[in-house]
Amino acid sequence: MAKNTFRTIIPEEEPEKKNPSGWWKSFWEGRKRYGLLRFILRKFLKGLLYFFGITITWIILLKFIPIWWTPTMLDRKFTAIAEGRDSEIYSDWEPYENISKEAALAVVASEDQLFPDHHGFDFDAMWGAFRHNLRGKHIKGASTISQQVAKNVFLWQGRSYIRKVLEAYFTFMIELIWGKERILEVYLNIAETGKMTFGVEAASLRYYGHSANSLSRAEAARIAAVLPNPIRFSIKNPSAYVQRRSNFIMRQMRGLGGKAYIANL
6 MAKNTFRTII PEEEPEKKNP SGWWKSFWEG RKRYGLLRFI LRKFLKGLLY
56 FFGITITWII LLKFIPIWWT PTMLDRKFTA IAEGRDSEIY SDWEPYENIS
106 KEAALAVVAS EDQLFPDHHG FDFDAMWGAF RHNLRGKHIK GASTISQQVA
156 KNVFLWQGRS YIRKVLEAYF TFMIELIWGK ERILEVYLNI AETGKMTFGV
206 EAASLRYYGH SANSLSRAEA ARIAAVLPNP IRFSIKNPSA YVQRRSNFIM
256 RQMRGLGGKA YIANL
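Per the numbering used here, the sequence shown runs over residues 6 to 270.
Mixed in with the good hints, there may be bad ones.
Unchecked claim - As a list, the in silico DSSO-like pairs of lysine-lysine whose alpha-carbon atoms are at most 27 Å apart:
#1 K169 x K68
#2 K48 x K68
#3 K82 x K264
#4 K82 x K48
#5 K241 x K169
#6 K241 x K200
#7 K68 x K82
Don't read these hints as lab results, they were simulated from the structure.
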């Protein structure tokens, strides 16, 4: 008589579903709860809040402390190291009251004569530069001192729409939080004034042999004359163009009314 045998059949187990984790879990749960578009909008707004909080705190801190380094300084230093050149940066922060007002007037006369009156942007100059650039091969800039400070302190060199938008944001904020005197103080200390040289104090010590607090009008005008291209132009060995530009700046300084023009920033 055959013996009955019974075989227990164990059903095949379904593969275990892995629970999403990390950012994917956050994304998945958010998508289910709010819908994809609402979830993305919430994340975007949250990112903006973080951005504004961090940048406004940063701007407030830099209103009161010296700015020893900028992205431009770091770029010059790393480029020099990569090329095997001397990478020493010449920079010496000085408070506004310790810098000759001839230097302050010279950069305003040279770079941004409406500086005491505008709110960070010279729209007439920007429109003129835009029309010039449409016609010509040489790109003409129209950045105010405030825009140059915003770019050099907070951003990178180069041209892009993203950088321009950020530059406008930081320009507006430093005008609002710093005020004119602080913006001019920062500019006088971080503007590139020669090869590996930043600020009027470092330029004065390096090229004139004395501190910026005793700069004459002619010396200040020559520093301002090289600002459009301090790598190409030299304070120590001025070309005929730099000499002509220095004389032009001195005439502009007199035309603005001298140091009284920047007395009430």
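Taking the earlier hints as the rules, which of them does this structure contradict? Numbers 2, 3, 4 and 5, in rising order.
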